[in-house]
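Enquirer: So the chains spell out like this:
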Amino acid sequence: MSSKEKKPGLRMSIMTKMLLFLGGGVAVILISVSLLSLFGIPFTGIKGNYQNHRSEIIQKIDDVAQLKKEEIQSWFSERISHIRVFSESVGFDNIAERFNNGLTRGEDKGVLLAGIRNLEEYRAVLLRARSVLRDYVDDNEIRIVDTKTGTVIFSTNEGNRGLDLSEHEGIKNAMLPGVKEQVYFRKEKAASKEYLHIIYPIALNGFQGGEDMPSLAVMFILSPEELLMPILHTGTGHERSGEIILVDMNRTILSPLKYPLPGNRIAETLEYRLDTKPAELAAWGIDGIIFAEDYRGVPVIAAVRHMRITPEFGIGLIMKIDEEEVMAFARKSLKQSLLVSGLGLLIVLFLVYLFSGWITHPVIRLRRTAEKIMGGDLSARASVPRGDEVGFLAASFNSMVEEIQKWNEELETKVRQRTAELSLELTERKRAEEELQKYRDHLEDLVKERTVELEEAQEALVSIVEDLNEKTEQLAKATERAQSADRLKSAFLATMSHELRTPLNSIIGFTGIVLQGMSGPLNEEQNKQLTMVKGSANHLLDLINDVLDISKIEAGQVQITRKSFDMRSVIEAALRAVLSLAAKKGLSLESAIASDVGEIISDRRRVEQILINLVNNAVKFTEQGEVRIECRIHEGRMETCVRDTGIGIKPEDMGKLFIPFSQIENGLARRYEGTGLGLSICRKLAEMLGGTIRVDSEWGKGSQFTFTLPVGN
Amino acid sequence: MNDRLRLKSCKYFMVLIVCLGMEEIALSAPQSKSEDLSTHPVYSGYNFGKEEKVIDFATQPLAAPLGVIVEVMKRDRILREQLKSKGKEIRFHPFFKGADGNHFMKRGLVEIAITGDTPAITLAATYDIVIPALVKQGHTSLIAKRQIQIIELKGKRIGYSFGSTAHYGLQIALYTAGMKESDVVMVPMEINELSEAIEKNRVDAITAWEPIPIALLARHPEYVILQQFINTNYLCLTRAFATHYPEETSLLLASFVRALRWMKMDGKNLRMAAAWSLNAIEKFQNKPSEVTMEQLAAITRSQALPIAEAPYIPLKDFDEKGMFSKSFNFLKSQGLIAASVPWDKIKASLNRGMMAEVLSKPVKYKLGKFDYERGNDLK
Numbered sequence: 003m004s005s006k007e008k009k010p011g012l013r014m015s016i017m018t019k020m021l022l023f024l025g026g027g028v029a030v031i032l033i034s035v036s037l038l039s040l041f042g043i044p045f046t047g048i049k050g051n052y053q054n055h056r057s058e059i060i061q062k063i064d065d066v067a068q069l070k071k072e073e074i075q076s077w078f079s080e081r082i083s084h085i086r087v088f089s090e091s092v093g094f095d096n097i098a099e100r101f102n103n104g105l106t107r108g109e110d111k112g113v114l115l116a117g118i119r120n121l122e123e124y125r126a127v128l129l130r131a132r133s134v135l136r137d138y139v140d141d142n143e144i145r146i147v148d149t150k151t152g153t154v155i156f157s158t159n160e161g162n163r164g165l166d167l168s169e170h171e172g173i174k175n176a177m178l179p180g181v182k183e184q185v186y187f188r189k190e191k192a193a194s195k196e197y198l199h200i201i202y203p204i205a206l207n208g209f210q211g212g213e214d215m216p217s218l219a220v221m222f223i224l225s226p227e228e229l230l231m232p233i234l235h236t237g238t239g240h241e242r243s244g245e246i247i248l249v250d251m252n253r254t255i256l257s258p259l260k261y262p263l264p265g266n267r268i269a270e271t272l273e274y275r276l277d278t279k280p281a282e283l284a285a286w287g288i289d290g291i292i293f294a295e296d297y298r299g300v301p302v303i304a305a306v307r308h309m310r311i312t313p314e315f316g317i318g319l320i321m322k323i324d325e326e327e328v329m330a331f332a333r334k335s336l337k338q339s340l341l342v343s344g345l346g347l348l349i350v351l352f353l354v355y356l357f358s359g360w361i362t363h364p365v366i367r368l369r370r371t372a373e374k375i376m377g378g379d380l381s382a383r384a385s386v387p388r389g390d391e392v393g394f395l396a397a398s399f400n401s402m403v404e405e406i407q408k409w410n411e412e413l414e415t416k417v418r419q420r421t422a423e424l425s426l427e428l429t430e431r432k433r434a435e436e437e438l439q440k441y442r443d444h445l446e447d448l449v450k451e452r453t454v455e456l457e458e459a460q461e462a463l464v465s466i467v468e469d470l471n472e473k474t475e476q477l478a479k480a481t482e483r484a485q486s487a488d489r490l491k492s493a494f495l496a497t498m499s500h501e502l503r504t505p506l507n508s509i510i511g512f513t514g515i516v517l518q519g520m521s522g523p524l525n526e527e528q529n530k531q532l533t534m535v536k537g538s539a540n541h542l543l544d545l546i547n548d549v550l551d552i553s554k555i556e557a558g559q560v561q562i563t564r565k566s567f568d569m570r571s572v573i574e575a576a577l578r579a580v581l582s583l584a585a586k587k588g589l590s591l592e593s594a595i596a597s598d599v600g601e602i603i604s605d606r607r608r609v610e611q612i613l614i615n616l617v618n619n620a621v622k623f624t625e626q627g628e629v630r631i632e633c634r635i636h637e638g639r640m641e642t643c644v645r646d647t648g649i650g651i652k653p654e655d656m657g658k659l660f661i662p663f664s665q666i667e668n669g670l671a672r673r674y675e676g677t678g679l680g681l682s683i684c685r686k687l688a689e690m691l692g693g694t695i696r697v698d699s700e701w702g703k704g705s706q707f708t709f710t711l712p713v714g715n
Numbered sequence: 047m048n049d050r051l052r053l054k055s056c057k058y059f060m061v062l063i064v065c066l067g068m069e070e071i072a073l074s075a076p077q078s079k080s081e082d083l084s085t086h087p088v089y090s091g092y093n094f095g096k097e098e099k100v101i102d103f104a105t106q107p108l109a110a111p112l113g114v115i116v117e118v119m120k121r122d123r124i125l126r127e128q129l130k131s132k133g134k135e136i137r138f139h140p141f142f143k144g145a146d147g148n149h150f151m152k153r154g155l156v157e158i159a160i161t162g163d164t165p166a167i168t169l170a171a172t173y174d175i176v177i178p179a180l181v182k183q184g185h186t187s188l189i190a191k192r193q194i195q196i197i198e199l200k201g202k203r204i205g206y207s208f209g210s211t212a213h214y215g216l217q218i219a220l221y222t223a224g225m226k227e228s229d230v231v232m233v234p235m236e237i238n239e240l241s242e243a244i245e246k247n248r249v250d251a252i253t254a255w256e257p258i259p260i261a262l263l264a265r266h267p268e269y270v271i272l273q274q275f276i277n278t279n280y281l282c283l284t285r286a287f288a289t290h291y292p293e294e295t296s297l298l299l300a301s302f303v304r305a306l307r308w309m310k311m312d313g314k315n316l317r318m319a320a321a322w323s324l325n326a327i328e329k330f331q332n333k334p335s336e337v338t339m340e341q342l343a344a345i346t347r348s349q350a351l352p353i354a355e356a357p358y359i360p361l362k363d364f365d366e367k368g369m370f371s372k373s374f375n376f377l378k379s380q381g382l383i384a385a386s387v388p389w390d391k392i393k394a395s396l397n398r399g400m401m402a403e404v405l406s407k408p409v410k411y412k413l414g415k416f417d418y419e420r421g422n423d424l425k
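If you're matching them up, the sequences are chains A and Y in order.
Residues in the first sequence are numbered consecutively from 3, following our numbering.
Residues in the second sequence are numbered consecutively from 47, following our numbering.
If we strip away everything but chain A, and leave its shape as in the complex, we get (with noise of 0.2 Å):
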């Protein structure tokens, strides 16, 4: 595997996801700033350059507009209080009246204004004109205009001297009463040229109070190209597309246009007729700014203003400025932004780039380590001397490598040790399979042999157990002949018994009588003769009893009544049993009953049965020493033990001790009255009574018999 394969996760190095993400994120908040900064933040009303440079140009074009405005009034007000000035300083009376009554009296006008010509008066208003021109250009021309006939009959320009004026708007208009200064502008024939004409009718026998019609009108004609149209190109506010354009009422333009209309036209003053939305606005009366296209199809921003230079003439004035240049500064503008923005990625860039190098080429250094440890060189070490979180890294690194390389070479070891272990183990293995392989091999012949005998072994099996089966049934056969002749002796021995038993007691009974002397004093002899008959009796008769109790017993005839009675009596009653006799000899009796020794259920009279056996025997084969009785409750059951210190018996008698008419020594018998049953019936009671009875015994010492009850029914 290649180094290449071995590190598919690695498609970005750290370096190049800081210069995209630091980058990036620089990038798009410089871009943002920039944005944000030209157009201003969305729905928050918070301006941008563009706006505010856009409001900026908007007010500065308004301002232009509004000061080209007065201006514009000031320069007519002055030129208009010029013609009045001249008009009321001067006296044209006598100069009117010599050309009115000429011409009533049908004299020549020719000869009327050559005549007038020669006035005085005509002088001086010649030398007050000429003086008022001198504010003037030179073609400019002041003319006084006999407004009955429309006859210019003064002029500083004298080639104008009797012209006929009768058709002139502002001639005909002087004719009214109550009008003043009217203005037009026309354009000369003669000049190809626009002049500006201001009028000003002449009350001759005053105004105030009168009621004679004006006769006369003074009209100064001005050149607006050399006097009005500089105020419109003369200080601030022209933009490179700013243009600043008079219009009449009727829309026709009063000042050349900056640019040639479409087709390459030349637009002529007085004669175009601006047909755009801010020379219609203009003209019809409005002052504010506007948004259209000019008469280029150019979208432009436009400060409009209607002058009333008097009731009857007004004047539109348009200031505009092309929305592309406005534009033209947001796109410079954004230019500078995107320059600015761009030189700050670079430096951003460049020092991210410097950044992330510190920090990524200790953790390269560290990956270039890894990969030669990957490669197996285990010796291989980062070397980072640095105290930072890549420095500490480097040397938890280095930690783990010096870790690995020691359990490598543990592992190394005990892999040895187990490739040894496991050749000995393939060893003895292949030696086993060998082995498996050969006795698989002789295995079938082995199952055949051992088939074989096991088929023989079945068939004497099958024999044997034959045999069984018959001298199963033989001895079933002779287990309940048995059983039968068992029965039939007990019947038999209880029957005799209770037979013998009644000429027994009698026999007792009377020999009593006879050693009480009743019947008779008796001698020493008889008296020994018949307390032997007695005890003869005595010892048959118990005989008897304990054979009528064996014999009961495994006829199954006694019947246990369990009662609940205190066992501390029966051990009382037992003990008084044999009182008598054991202080004949000298016996010492005790007893131990544990303190919960208490009621029991059980059948008080075959308990006391076997109690009273057990220690009249103990008494019975005790000749000093003492016998003694304990009783304890041990697991749940009552434990009765009768300890003496007598004889003991040997271990060879110890099986014979409760099988019945069993004698252990026939010389017992002698010294030791008994029937030789005492045990066997103990022991068939206690089991009756579900209990045990056991034996203990050291021969010479003493014995110990115990016997346990069930406490509960």
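Calculated directly from the structure, the hints in this document are not laboratory data.
Cβ coordinates follow ideal geometry from the N, Cα and C atoms, glycine included.
Just so you know, not all the hints are guaranteed correct.
[To be verified] Dumping the calculated EDC-like pairs for lysine to aspartate or glutamate here, alpha-carbon to alpha-carbon at most 16 Å:
#1 K372/Y <-> E282/A
#2 K182/A <-> E328/Y
#3 K367/Y <-> D250/A
[Unchecked claim] A partial selection of chain A residues facing chain Y, derived with a Cβ cut-off under 8 Å:
#4 P179
#5 N252
#6 L256
#7 W286
Since the structure of chain A is already known, use the hints to place chain Y on it.
Expert: Just chain Y now, kept in the frame of chain A:
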């Protein structure tokens, strides 16, 4: 039908729908405010002279310089004496706006009024009147609290006085920004409620005539006039009155000219007239005026006195392409005048001869003589 044809058909259909909609507006809008002002809380108490000897004059004390001019005319003893000699007397009735005066003029209760161009044109379109004099040349103004573009008023509340010349100015302003009334929230109110409405943010902008703008901007220099529209006022008479009583008409026109010249003659006269107007404003609206005497005087000086010598109806107004006609056509397009009214009806109401008659006989009509009551306000 190919897609282009279908698109074209759709466009025509849309145009038709729009035209029908505009027609609907044109027919319905004028009626929408044709309320019966006889029950108006202020106007219902007016004592209109139903006898022929009484000349009822509709005035607008809340408009400047109209109110100032009328206050001078109210005190013109020459006029009273001349009318008295003709067996006539004159009563002045103040209205909030010209449209209200129109209402009573159309009912035959008012013979003469000084009013703005929009009410004058709408009255000329719907009633038989004569317009013999130009009263002032000024502006109505669209005012906002800060510098914004008119297009930014989209969806905003604009206070205006319905049917007034300022209403017309607002429509022009919206038109210049490519909008219609439906693009903004129009909040109608009386002229003397506009200032408070914008100050208390009940509206975002207002459109008003003088003296509201000058007073409002004096109090709030930060407020901005977004657009101004030239506004002319006129003196109107019912044609019936002008026809039957030409001499009385001339006397009224002479009084008007005399008032202008008297104020123009001396600054003291102008200030006194402004003070009279101030009193009339406060009396009419029953609260202090927001405009000062100096402001009223300044407005009158700049808007009315320049025409004092010859307050003719400008010849341009007779021109079908002139200002008056433009306003007429625009009001028609906005539905404030029925589309069926011809321009000739409006043109026929304009008259320069009546004023020329008066101006040509300054002695007869005593244009150079002045006699005004200087006592307390007249009733």
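Enquirer: Determine for every hint whether it applies to the structure shown.
Expert: The hints, checked one at a time:
This hinted pair checks out: K372/Y and E282/A have alpha carbons roughly 10 Å apart, not beyond 16 Å. For the hint linking K182/A to E328/Y, the alpha-carbon distance of about 37 Å lies beyond 16 Å, and the restraint is violated. Pair hint K367/Y plus D250/A holds up; C-alpha atoms about 12 Å apart against a cutoff of 16 Å. For the restraint placing P179/A at the interface with chain Y, the shortest Cβ-Cβ distance is roughly 4 Å, inside the 8 Å limit, so the hint holds.
With 8 Å as the threshold, the beta carbon of N252/A comes within range of chain Y, its nearest partner Cβ sitting at about 6 Å, so the hint holds. At about 16 Å, the closest approach between the beta carbon of L256/A and any beta carbon in chain Y exceeds 8 Å, and the interface hint on this residue is violated. Against a cut-off of 8 Å between C-beta atoms, the interface hint on W286/A holds, since the closest Cβ of chain Y lies about 6 Å away.
In terms of the numbered hints stated before, the structure departs from hints 2, 6, listed from lowest to highest.
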